Amino acid sequence: MKRVFYHTFFPALCLTACPLAAAEMLPKPYPPVQVTTMPDDLLSNPDYTDRWAWVEQTWGRGFPSFSIQDEKYIANQEIVLLDPNFSKQVVTLLNRSYSYNNTLNSVQLNIGDGIFNAEGSQAVNTTVKGEYTNSKGNIETGVLQLNTGGKAFHTLVENHGALTLNGNSEAYDTVVKTGGRQTVGGSAYAQANLIDGGTQILTVTSSALVEDTIVQNGGQQIIYNGTAKNSHIGAGSYQLASGLAVDTFLYSGAFQQVYAGEGEDQVADRDTTVYGGARQTITSGISENAQVYGTQVITGVDGEWRDGDWTSDSDSKVRINGQQAKNATIHAGGLQRIQTGNADGTQVYGTQLISGQKGGWSGGQWVEQDGWTGGIRANATNTTVHAGGLQQLAWYGEASNTVIDGGRQEVLALGHISDTTIRSGGSSLIAYGGYSTKALTVEDGSLTMEGGSLHDWTGNLGKGAWAAAVDLQGPASALYLKHNADTVESVATIKALTNNGVVYFSAPEGHNAGQFNRLELTTLDGNGTFVMNTNVSGGMGDFLNVSEAVSGQFNVTVRDSGSELRGRGAIPYHLIYANGSAAETFAMTNGSVDLGAYKYYLVHGADGDKDNWYLSPGANTPDPGPGPGPGPDPGPNPSPNPNPGPGTKPDLSESAKAVIAMANVTPTLWDAELSTLRTRLGEIRQMRDGEYGAWGKYISSRYRVSADLVGYRQDMNGVMLGGDKRFDLESSALMAGGMASYTRSDLNSSSTNGKADSYGVALYATWLDDSGCYVDGVLKANYFRTENNPYFNGGRTHAKDNTVGGGISVEAGKHIALEDWFVEPYVQASWFIGDKTHYKLDSGMSVKADAVQSLKGEAGFTFGKNVALADGTVLQPYARLAVRHEFMKNNDVVINHTEKFNHDLSGTTGKYGLGMTAKLNDRWSAWGEVSYEKGQHLETPYSGQLGIRYSF
1 MKRVFYHTFF
11 PALCLTACPL
21 AAAEMLPKPY
31 PPVQVTTMPD
41 DLLSNPDYTD
51 RWAWVEQTWG
61 RGFPSFSIQD
71 EKYIANQEIV
81 LLDPNFSKQV
91 VTLLNRSYSY
101 NNTLNSVQLN
111 IGDGIFNAEG
121 SQAVNTTVKG
131 EYTNSKGNIE
141 TGVLQLNTGG
151 KAFHTLVENH
161 GALTLNGNSE
171 AYDTVVKTGG
181 RQTVGGSAYA
191 QANLIDGGTQ
201 ILTVTSSALV
211 EDTIVQNGGQ
221 QIIYNGTAKN
231 SHIGAGSYQL
241 ASGLAVDTFL
251 YSGAFQQVYA
261 GEGEDQVADR
271 DTTVYGGARQ
281 TITSGISENA
291 QVYGTQVITG
301 VDGEWRDGDW
311 TSDSDSKVRI
321 NGQQAKNATI
331 HAGGLQRIQT
341 GNADGTQVYG
351 TQLISGQKGG
361 WSGGQWVEQD
371 GWTGGIRANA
381 TNTTVHAGGL
391 QQLAWYGEAS
401 NTVIDGGRQE
411 VLALGHISDT
421 TIRSGGSSLI
431 AYGGYSTKAL
441 TVEDGSLTME
451 GGSLHDWTGN
461 LGKGAWAAAV
471 DLQGPASALY
481 LKHNADTVES
491 VATIKALTNN
501 GVVYFSAPEG
511 HNAGQFNRLE
521 LTTLDGNGTF
531 VMNTNVSGGM
541 GDFLNVSEAV
551 SGQFNVTVRD
561 SGSELRGRGA
571 IPYHLIYANG
581 SAAETFAMTN
591 GSVDLGAYKY
601 YLVHGADGDK
611 DNWYLSPGAN
621 TPDPGPGPGP
631 GPDPGPNPSP
641 NPNPGPGTKP
651 DLSESAKAVI
661 AMANVTPTLW
671 DAELSTLRTR
681 LGEIRQMRDG
691 EYGAWGKYIS
701 SRYRVSADLV
711 GYRQDMNGVM
721 LGGDKRFDLE
731 SSALMAGGMA
741 SYTRSDLNSS
751 STNGKADSYG
761 VALYATWLDD
771 SGCYVDGVLK
781 ANYFRTENNP
791 YFNGGRTHAK
801 DNTVGGGISV
811 EAGKHIALED
821 WFVEPYVQAS
831 WFIGDKTHYK
841 LDSGMSVKAD
851 AVQSLKGEAG
861 FTFGKNVALA
871 DGTVLQPYAR
881 LAVRHEFMKN
891 NDVVINHTEK
901 FNHDLSGTTG
911 KYGLGMTAKL
921 NDRWSAWGEV
931 SYEKGQHLET
941 PYSGQLGIRY
951 SF
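Residue numbers (UniProt numbering): 1 to 952.
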């Protein structure tokens, strides 16, 4: 039980805990499971007789072969070849006779003679070698031969030495050095073997068993028949499994050949562990349950172990079939390479390469080249590819009943798969020239098919990557179409597609602008989504063709390439042909799609054109015009060119609305700051001669813009800080000062959200005549930082821009006092100009805006009352009524260099305001105001300010 634990359970525990450390080192030699029964006092025991003198005399008299029996022994002798003319110098021990601590040098010692049972005879502590030449001049091999009933313990076999086991003989604790040989035949048993450069052979006719064997330093274990259990093969060493190898461990640099000869259905290897750097090659027969961290090769190419390496060349025999690996596990970093034959039930965490035709042996090495074996098939069946694993099929590689369980599958040219299931986020790629038959089911994961034209191998099936039946089972399943730039067309073909997931007309890593694909289907059913790509302005894009029948309802999402427009306006684009379409077969996701500056809609063809679907700038069905027709193959680039009429201006895209809106944000920012500053100018007229003032205010306003092209809401908040001084003149006064401001404006609409930061400085002055007449003047400059984030086809696109702007304002009026009341009529004019700008959204849309301008005139009056309180505080409530007109009509925005849009906000608005100033004492005063403005294009639901001033 102790041995079972240490040599079975304990190593297994170590392999689990540290598979890349302790498990990759050869173990120490195993102890023998049986010990000799030779009496400990053999040399002094009166029941046993030393027969060495008699043996030596008998050989000396010319008798080469004889036996000794019945409690005899030979001990502590170096037994050498005495007469080179002997064909063999042999002594045989029978009936409880022993050899102890002897060296056999070019002589042979038999334990049992093969006729009479050895009856307990044993050889203990024997060294076997050959150093003497025979009469022919050859080195005579030293031999220890165990026959039925014979046993050997602690045997050292050196150069030209041999330990041979026949019948049911047994050997324990054997070391075989370079040039030595251990041959195990019959039903013999050998345990605790160290093949240290030598050779261990289980003969063709044997049913023998060897256990606990370590092969190192170029040693070989040849299992022609019988069984070898728990063998450990070290670097540069070799095992041939032609009988049965069980629980073999191959360490880095080791090699195992599984070769069952003509027994192609014979299991020749079971439960082998192939560590990193080791290789198992199956050339005939079956290997079961291998654990592969290194390399497992399944090939019909014969070879030989020569000079410490496996060598195959052009003269090697090739078997088309008869090689099989069953239930192997390919661990991370491991490789299973199938060149002929079959691998069944493989669990792949590393790499499985299936390539039958492409490649061949050259100079003892496998070389990637075409045309070597002329189309030999390599097969993998019932494979599971786990996360981190890869199954790759190349020339004439075939895989059936495969489960991609989180791993990857690559089907290259001439590769073939059938009955494939993808789950747990796994993926499969079928390259141009690869194909799939029977079912290909995507439960949770993705399938990628590479487009192309007709391929030499699959051209009789269809263009590009080809599949018989693809089933996308749910929202977590996807089909990607990879563009092929190396072929005339990029077409993928599926006979029957069930789409309850998503079909992307792009590679998993994303769509490359200007690269489009075509998907050819015979039938389509399901309730999934198609995500397609176009460059409508260039008349290019993806195309879906269903030649025979369609059933179900599908969503369509379209993404435009963002390339520049070729001309003004918008034209329809033929996107889908589906034989047997109904009005509800396809519908655009979210109703429309933004393509450049415009919205497009997916529309069903009119009567006589019901099988065609178009991207149209109008939601109504376009006239079809010339097109591909309803046939099963409308051509790779159908161009029906339905025309809704020249000069058609469809709905603007969300991105276009957003950039037009952002182009007019800066004038409103400038105007809001200006309006609050003008309120300050009215307040400083109460300053005394020589008085200084420092002030600050918080401002907030909301704008609602509703123009012909866009509508949006703009919320602004900010602070202003300034200082000024009053100078009294002969019959008038002059107040002058400066200020700095920061405001933040947030833009929101159905199309975008964005923001604009404004940093401003200004100089201002007021001249006030003693008669009450006044003139206010402002010179103001701003730096604007804008950020635009418009909605774009289910996501967002982004852009940032920096501009400057400035302007002037002049106001003239008269302050008329009516006892405690006052009225103040005024007229005002302001002009603003912003910088030209040119930027690009990350969707590819190019935006160029002219220098935005605003020219406004305003006329109105303010009236209020001065109220003095008992504590000396003076309140001045007031109201303001005004009419304002925007004169500028042409603020142009050019999108994609060709589409010009004018954001016209000209028109008249009415203004209504309420406010109050409060002079708290000689030093402090405060004020506040809220106003409302309404016109045709612009409404300001509120505009407010709160300020405070300190005079000194």
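Hints in this document: simulated from the structure, not taken from any laboratory. Since the model is a prediction, treat every value here as computed from it, not as a measurement. Built from N, CA and C at the ideal position, the CB exists for glycine as well. Accuracy of the hints is not assured; some may be wrong.
Said to hold, decoys possible - Restricting the straight-line Cα-Cα distance to at most 25 Å, the calculated cross-link-like pairs of lysine-lysine (PhoX-like) are: (1) 800 to 900; (2) 889 to 900; (3) 326 to 229; (4) 836 to 911.
Claimed, not checked - Label-pair ranges, simulated between beta-carbon atoms: (5) 475 to 757: 15 to 25 Å; (6) 823 to 702: 50 to 60 Å; (7) 474 to 717: 46 to 56 Å; (8) 333 to 159: 34 to 44 Å; (9) 879 to 591: 15 to 25 Å; (10) 474 to 908: 22 to 32 Å; (11) 264 to 26: 43 to 53 Å.
Hints, one by one, checked against the model:
no.: 1; hint: 800 to 900; verdict: 21 Å, holds
no.: 2; hint: 889 to 900; verdict: 14 Å, holds
no.: 3; hint: 326 to 229; verdict: 19 Å, holds
no.: 4; hint: 836 to 911; verdict: 30 Å, violated
no.: 5; hint: 475 to 757: 15 to 25 Å; verdict: 41 Å, violated
no.: 6; hint: 823 to 702: 50 to 60 Å; verdict: 29 Å, violated
no.: 7; hint: 474 to 717: 46 to 56 Å; verdict: 47 Å, holds
no.: 8; hint: 333 to 159: 34 to 44 Å; verdict: 39 Å, holds
no.: 9; hint: 879 to 591: 15 to 25 Å; verdict: 47 Å, violated
no.: 10; hint: 474 to 908: 22 to 32 Å; verdict: 58 Å, violated
no.: 11; hint: 264 to 26: 43 to 53 Å; verdict: 32 Å, violated
Of the numbered hints listed earlier, those contradicted by the structure are 4, 5, 6, 9, 10, 11.
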